[in-house]
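Residues per chain, in single letters:
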Amino acid sequence: MSGHEGGRTMVEVKDLKLSYGENQILRGVSLTVPEGGILAIIGPSGSGKSTLLRCINLLARPSAGSVRVGSEAVTFDGSKRRILPDRALAAFRSNTGMVFQHFNLFPHMTALENVMEGPVTVRKRPRAEAEAAARALLAKVGLSDKADAYPGKLSGGQKQRVAIARALAIEPSVMMFDEATSALDPELVGEVLAVIRQLSNEGMTMLIVTHEMAFARQIADRIIFMRDGLIVEEGPAQSLIDNPVEESTRSFLAHFKGAGLT
Amino acid sequence: MYDWDFSILWQFRWLLLVGLGVTLLFTLATSLLGLLIGTVVALLRLIPSWFTTAPLLAYVGLFRCTPVLVQLIWFYYALPGLTGIMLTPSLAAGLALSLYGGAFFAEIIRGGIVSIEPGQWDGARALGMRRHEMMRRIILPQAITRMLPALANQGVLQLKNTSLASAVAVPDLLYQSQIITAETYRPLEVYTAVAIIYLVVLFPLTLAVHGLEVWLGRDR
Numbered sequence: 116m117s118g119h120e121g122g123r124t125m126v127e128v129k130d131l132k133l134s135y136g137e138n139q140i141l142r143g144v145s146l147t148v149p150e151g152g153i154l155a156i157i158g159p160s161g162s163g164k165s166t167l168l169r170c171i172n173l174l175a176r177p178s179a180g181s182v183r184v185g186s187e188a189v190t191f192d193g194s195k196r197r198i199l200p201d202r203a204l205a206a207f208r209s210n211t212g213m214v215f216q217h218f219n220l221f222p223h224m225t226a227l228e229n230v231m232e233g234p235v236t237v238r239k240r241p242r243a244e245a246e247a248a249a250r251a252l253l254a255k256v257g258l259s260d261k262a263d264a265y266p267g268k269l270s271g272g273q274k275q276r277v278a279i280a281r282a283l284a285i286e287p288s289v290m291m292f293d294e295a296t297s298a299l300d301p302e303l304v305g306e307v308l309a310v311i312r313q314l315s316n317e318g319m320t321m322l323i324v325t326h327e328m329a330f331a332r333q334i335a336d337r338i339i340f341m342r343d344g345l346i347v348e349e350g351p352a353q354s355l356i357d358n359p360v361e362e363s364t365r366s367f368l369a370h371f372k373g374a375g376l377t
Numbered sequence: 190m191y192d193w194d195f196s197i198l199w200q201f202r203w204l205l206l207v208g209l210g211v212t213l214l215f216t217l218a219t220s221l222l223g224l225l226i227g228t229v230v231a232l233l234r235l236i237p238s239w240f241t242t243a244p245l246l247a248y249v250g251l252f253r254c255t256p257v258l259v260q261l262i263w264f265y266y267a268l269p270g271l272t273g274i275m276l277t278p279s280l281a282a283g284l285a286l287s288l289y290g291g292a293f294f295a296e297i298i299r300g301g302i303v304s305i306e307p308g309q310w311d312g313a314r315a316l317g318m319r320r321h322e323m324m325r326r327i328i329l330p331q332a333i334t335r336m337l338p339a340l341a342n343q344g345v346l347q348l349k350n351t352s353l354a355s356a357v358a359v360p361d362l363l364y365q366s367q368i369i370t371a372e373t374y375r376p377l378e379v380y381t382a383v384a385i386i387y388l389v390v391l392f393p394l395t396l397a398v399h400g401l402e403v404w405l406g407r408d409r
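Protein chains in written order, with the working numbering: chain S, 116 to 377; chain V, 190 to 409.
In case anyone wonders, no lab produced these hints; they're calculated from the structure. Fair warning: this is a prediction, and the values are worked out from it, not measured in the lab. Be aware that one or more of the hints could be misleading.
[Claimed, not checked] Per label pair, the in silico range of CB-to-CB distance:
1) S:Ala203 - V:Thr242: 51 to 57 angstroms
2) S:Ala243 - V:Arg253: 47 to 53 angstroms
3) S:Lys195 - V:Val229: 23 to 29 angstroms
4) S:Tyr135 - V:Leu388: 32 to 38 angstroms
5) V:Gly406 - S:Ala329: 48 to 54 angstroms
By construction, the Cβ of each residue, glycine as well, lies at the ideal position given by its N, Cα and C atoms.
Bound-form chain V, shown alone (with noise of 0.2 angstroms):
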């Protein structure tokens, strides 16, 4: 029978802070970039010419049919080699789950976008709102509701993703928890507690998600 003992775990309880910091910070960055980009790819695949299309299909394929991983790793060790351009840690990772997540995040957005009836652009535009003005006022706001599920759900993935960044020496909650391994030769109780340390940050996050769509469900 193993003989757990988690108080060894105390002394690194600041290690695991910083890697839990680290952690968060990586997924609010990458995802907030992600956003960005998965944004802008979205509105740009809403112009039916295949100039636009054509490199965006590209982008969106590439980066949703590899693993993550090989993207990180990558953009680590292959980027250099290929462009001269050499990229910290930090930001190799920081990059690759960026793209990652925006191809994912375009494919939601672009879903809600279009998941719009015809009759709400029709009255966007009977009423003689320009383009930028029905997106902001009307459409936007109506597919956001309809998007946030799947949103939050690709947020939740993004910060379990970050833990993939460990495998580029980025130090965060993951990362940490292999140096304590060394140390303490206690695999089974750092893992234990990292995976705890997840679940406790995600799991009310996702709570919060479903009532805030039962805020914004209101009164429909």
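In isolation and in its complexed conformation, chain S is listed as follows (with noise of 0.2 angstroms):
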């Protein structure tokens, strides 16, 4: 699995601080993802992974710090002006496909639809072009007979399969995953899983903030362990689901251990 690494850096976040207020959600996040690198990011609740996520692609706005997605990079001042105007910020987020815990699928469109509509109206492809891509990814998921219908129809893990087509469509450089599994029913886990492992053996650059510790630790180089706004232990998977160094790594993921989740 970590075959890549030593490969050109693809995502890079340096010192990266959010404050709500007096509320301070990251207090200074770094890490780097080597192309075709496989990063999870797991803590408890409130410990900031989404919302690091979110930095990433610019859809929560960092006071202090960095983010280099590919060779694009944007430094964050604190200042209340917009970080980036309108079309180098919808440039710059597209860079990046992103799966959210509530799948945030377009309810008035189609899945295939709905996986169109990032290279229909994002990269200006032609319908024609767009919908055979959009079929070829539908099948790929493995929802090749779902293409006309609406997400209203759909079962949580197929939402989800849509969505992560949907992210794929746009041919981001990189694939961030925010708890893709979270709200979804034990059963139907599985199979969003499944999609998330072919993409790792295509090597496609992630970010997984997940809970499903058994899968981050198959499926990721690194493995970050979040609380309150930092990073507490990086590491490789394996070594740090295994033997955790630092005391609140060790009692997070007892909690686990005892529910014979890892």
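Please assemble the complex out of the two chains, which come individually in their own frames, going by the hints.
So, in structure tokens, the structure goes:
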């Protein structure tokens, strides 16, 4: 799994800080992900993991630090001015594909239209070309037969697979998963994890925020454990899960070991 | 016992028809202009700055909280005195009804937009959509479905409010009926007939809007 280490750095976050009023969500977070690397981020609720992902595609606005994805970088100076002009902001976001806990599919569009939306509206691809590509992506996530279904008619697992296809359709250089299986019924988790596993085999660069410890240990190259807006511990996936160094990592993982989840 | 005689209306059928035409034309024009004003105001209200919010709130407040009849008369009689701009009755009435409708449309449209879940905005932004693309492709199509009942309701009011334009001598359906009444001394027949005409126009329209709602809500 660590065969990609040493490649060029795809994501670089430096000393990222973010606070809402008095509440400090991120208190200086730095990380790098090499091209083709897979980084899992674990930690208790409120530790800032989701906010960290949302900062990387500028859905959230850090007060300090910098973010680089591929060759595009943004530095935050804490001013109230907008981070980037609308066009540049949109372009920056289209470097990453984001999968949300609650899917956020567009309910007024079919599965196929959801997947086509990025290529047609953002990438300005011809419809016919976008449709062919979207059908191929739906086939890839095992939903060819659901192309014409509206999200309201799909199960949670199917919705999330459409959402993954939608994110992949803009051909991002990085995929980010924000607790992609947390809102799913237990029996539907597997089908979504299988799709993520398939992407890892294809060498996709990924950041994965998850509570699936066994999955993180198996699929990720490295794991970060976050607490209270800080990275407490970082290391190779298996050693961090099996032999955590920090006490707070140990006690966090103990909850999962107790339940037999790792 | 009153002796009803609707037959006297027949000779005024063309007058009534012209009045209906004026009413419908006024409704269409003031609704479209009102919707345009309302959409612009609603979108500008989304900008989190007091420089834009304060004047828009003043506009909406002023037109929502004063009687439309007063606005109409004010535009026709007071505006020339204050600014020297003389408006024809139709223009004064059209402007007042459009601005009045616009204030209500603005609140309906803004309400529809902010009712869309934050996740939809996130989903659109994460794809790399620009602001206008997100509005046009993701937010407004969903918001319009939710706004439709309220928009239709305002449209119905808009049509009935055009009857107030008769106060400044716009020859709409109600104004024509006043002329016919003056000529025939048959107010009961005339106004009953006019009420039925309004009903016959509006009721099928409300049914059509309901059908549209059902159609838009399919598959969800």
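Taking the hints in turn, this is what the structure says about them:
no.	hint	verdict
1	S:Ala203 - V:Thr242: 51 to 57 angstroms	violated (26 angstroms)
2	S:Ala243 - V:Arg253: 47 to 53 angstroms	holds (48 angstroms)
3	S:Lys195 - V:Val229: 23 to 29 angstroms	holds (26 angstroms)
4	S:Tyr135 - V:Leu388: 32 to 38 angstroms	violated (55 angstroms)
5	V:Gly406 - S:Ala329: 48 to 54 angstroms	violated (42 angstroms)
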